[in-house]
Amino acid sequence: MVIYKFLQDVERCIDCGGCFAACKDYNGVPEGISRIRVVKVGEGKPGERFVAIGCMHCTNPPCLRACPVKAIFKTAEGIVLNDKDKCIGCGYCGWACPFGAPKYPHEVPEELREYRGIMDKCTFCTVPFKQEKDAAGNLILREPKPRCVSFCATKARLGGDVTEITKIYTARRAGRLVRTQVGV
Amino acid sequence: MSHLPHVLFTVFTQISVGALLSMLIADFLAKDDKELNFIETGAWVSPVVLAIGGIAMLSHEARPMLAATSITKNFPTSPLSLEAGIMTGFGILMAVYFLLWILHPDYGTPGIRRIPGLNALAKWLTPLRKPVGIIGVVAGFIFVPASAAVYMIPGLPGTSLITTPIFFYVTTLLAGVTAVAAVLSVKYMIKKESEELLTRLLWVSWGISLIMIIVLILAIPANISSLKAPAETVAASMARAKTLEEIIAGEWTSLFWARLMVGVILPIICLAVLPFALRKKEITKASGITVLLFVLLLIGEISGRMVLLASSVPLGEVAPYVLSYMPV
Chain A
144 MVIYKFLQDV
154 ERCIDCGGCF
164 AACKDYNGVP
174 EGISRIRVVK
184 VGEGKPGERF
194 VAIGCMHCTN
204 PPCLRACPVK
214 AIFKTAEGIV
224 LNDKDKCIGC
234 GYCGWACPFG
244 APKYPHEVPE
254 ELREYRGIMD
264 KCTFCTVPFK
274 QEKDAAGNLI
284 LREPKPRCVS
294 FCATKARLGG
304 DVTEITKIYT
314 ARRAGRLVRT
324 QVGV
Chain B
1240 MSHLPHVLFT
1250 VFTQISVGAL
1260 LSMLIADFLA
1270 KDDKELNFIE
1280 TGAWVSPVVL
1290 AIGGIAMLSH
1300 EARPMLAATS
1310 ITKNFPTSPL
1320 SLEAGIMTGF
1330 GILMAVYFLL
1340 WILHPDYGTP
1350 GIRRIPGLNA
1360 LAKWLTPLRK
1370 PVGIIGVVAG
1380 FIFVPASAAV
1390 YMIPGLPGTS
1400 LITTPIFFYV
1410 TTLLAGVTAV
1420 AAVLSVKYMI
1430 KKESEELLTR
1440 LLWVSWGISL
1450 IMIIVLILAI
1460 PANISSLKAP
1470 AETVAASMAR
1480 AKTLEEIIAG
1490 EWTSLFWARL
1500 MVGVILPIIC
1510 LAVLPFALRK
1520 KEITKASGIT
1530 VLLFVLLLIG
1540 EISGRMVLLA
1550 SSVPLGEVAP
1560 YVLSYMPV
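Protein chains in written order, with this note's numbering: chain A, 144 to 327; chain B, 1240 to 1567.
Here chain A stands alone, though its shape is the one from the complex (with noise of 0.2 Å):
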C-alpha cells in the first residue's frame, strides 16, 4: 500500500517560490489564497531557513475530525481531499489545522463563484480548485504527482510514497553528517 506525505528538506529551500507558482499554475488557484506558502525563519539571521508550509495530509487529520458535515475525507492513499459540494465554509477546519492549511477565498472570479468561502488546500495535486465529479457523484481525481515537488529547483520539497521519500531524505541526513564529522 502506498500512503502519499510530503517532506521537507529545510536546508535545501531557497525561498524561489517556484513551488507556490507551479501549484497555483497547475491548479488554478485563483488570486488571493495559494495551497502553499514558505515561511522564513530567523529571517536575516544565521542559520536563516526557509520551509514550505501546506497541507501534510496528517495520519489523523485534525480537520476531517472537525469537520461537521464530512465534507473532509482521506484516499486509501492517505490524501487528505475535500468535498466542496458539502463544504459550508464554517471555517473550523481552519481553526482545528495545526498548519494553517485550509484556506477560504473570498474575492474569487465570477466563473468560480460557486467555490466563494469554501475551503480549498492542497489535494496532492490531484484535484484543481474547480473540482469535478463523474456521473456517480464521485470526485474525479488526476494522478497524485505534486507540482510543488516536480518544480523544485533545489529537490528541497519532497513528495510522494513515504517509504522512497524517507530514504531519500535519511540518506541525504547521513552525508551531510559525515560531511560535518569530516569537515567537508
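Do not rely on the hints blindly, as some may be mistaken.
Derived list of chain A stretches under chain B, where covered just means 3 residues or more per stretch with a C-beta under 8 Å from a C-beta of chain B [what the hints assert, rightly or not]:
id, stretch
1, 218-232
2, 237-251
3, 254-265
Facing chain B, from chain A, some residues (calculated, C-beta under 10 Å) [to be verified]:
id, residue
4, C206
5, C210
6, V212
7, K310
The hints are simulated quantities; they were obtained by calculation from the structure and are not laboratory data.
Given the structure is predicted, the values throughout are model-derived calculations rather than measurements.
Where a beta carbon is used, it is the ideal one built from N, C-alpha and C, also for glycine.
We have chain A already, so just place chain B on it with the hints.
Here is chain B on its own, set in the frame of chain A:
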C-alpha cells in the same frame, strides 16, 4: 470583524439559555393569572435572542442553507456538530415552552391566544409547561459547555482553557437572567402592575448577577494567568503567548479595558445600588437600574467575547515559526 458572527452567536444563544432559566423562575414565583399575564412577555426573550444568534451564525457561513441542513452530520467527532445538535434540542424544548405560554387562552399573548384549537391544546398541556421548561434549562446548561468545546480544540490554544466554559456560563447567568428581568422591568414602568412579583424576581436576578460578577472578577485574571502558563507543546505555548500579547498589549487591549469598565465596574455599581431601591420599594427606580444593568452587561459580554475569540491565535498561525526550535 470576521469574529462578529461567532461573538453574536455565542453571546445570544447563551442569553437565550439564561432567559429560559429566568422565565422558569418567574413561572414558579407567579401566584395567580394576573401575575402570569404580567410575566408572559418575558417568554418572548429566549426565542428572539436565539433567533438573532442563529441568524448571525448562519450569515457567516458560505452556504447558509446547506449549513442549516447538514451541520449536525459529524456528531461523533466534530464539536461544531455536537454544539449544533444540542442547540437544536434546546431550541425545540424552548419553543414548546414558549408556545405553551403565548397560546394559553387566559394569559397568552393577545391575538395569538385566540387561535382556536391551539389555545385549547395549550391549556390542556399547561401542566407540562414547567417540566418542559426544566428539561429545556438542563439542555441549555449542557449546550453551554458544548459551545465552549468548539473553542477548546488543540488548534486554538488561546481558548483551550477552563476559563472558556466559565465565561460562557457567566454570560448565560449574568446577561441571560438579567434580560428577562429587564424586559419585565420595562413592562412594569409602562403598566405599573405586579409589583410584588417583579420585586421578588429582581431580588433573584440581583443575587444571581452578584454571584456571576464575582465569578467574572475571578475568571478574568485566571484567564490571563492561564495564557502565561506553559502549554503542552512549544507551539501551543507560543500561540497562548501571542494571544496574551493581543489582549494586554495588542489590537484588543482597548476593548479589554473598556469591557472591564462597562461589563464589570459599572454593573457592580448598579448591583450595589439596586438593593437600596428594592428595600425602599422604589420599584420604578429598581426597574430602571435593572434595564441599565442589562444594557451594560450586554455590551460588556459582547466586548468580552470579542476579546476572547478574536485575540485567540490559532496554532496554524504560529506552528511554522516553531520550526526554528527543531534541529535541522
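- Query: Do three or more residues from the stretch 254-265 of chain A put their C-beta atoms closer than 8 Å to C-beta atoms of chain B?
  - Reply: holds (count 3)
- Message: Is the listed coverage of the stretch 218-232 of chain A by chain B valid when you require three or more residues with a beta carbon under 8 Å from a beta carbon of that chain?
- Response: holds (count 4)
- Restraint satisfaction for V212 of chain A [CB to CB of chain B, less than 10 Å]: Since the shortest Cβ distance to chain B is 5 Å, the answer is holds.
- Task: Hold the hint about C210 of chain A up to the distance rule: shortest CB distance to chain B must be less than 10 Å.
- Result: Holds, about 6 Å.
- Query: Once the shortest beta carbon distance from K310 of chain A to chain B is found, is it less than 10 Å?
  - Reply: 19 Å, violated
- Message: Please check whether C206 of chain A passes as an interface residue: C-beta within 10 Å of a C-beta belonging to chain B.
- Response: Cβ of C206 of chain A sits 9 Å from chain B, so the hint holds.
- Message: For the stretch 237-251 of chain A, count the residues whose Cβ lies under 8 Å from any Cβ of chain B; is that count three or more?
- Response: holds (count 9)
The structure is inconsistent with hint 7 alone, although it conforms to all the rest.
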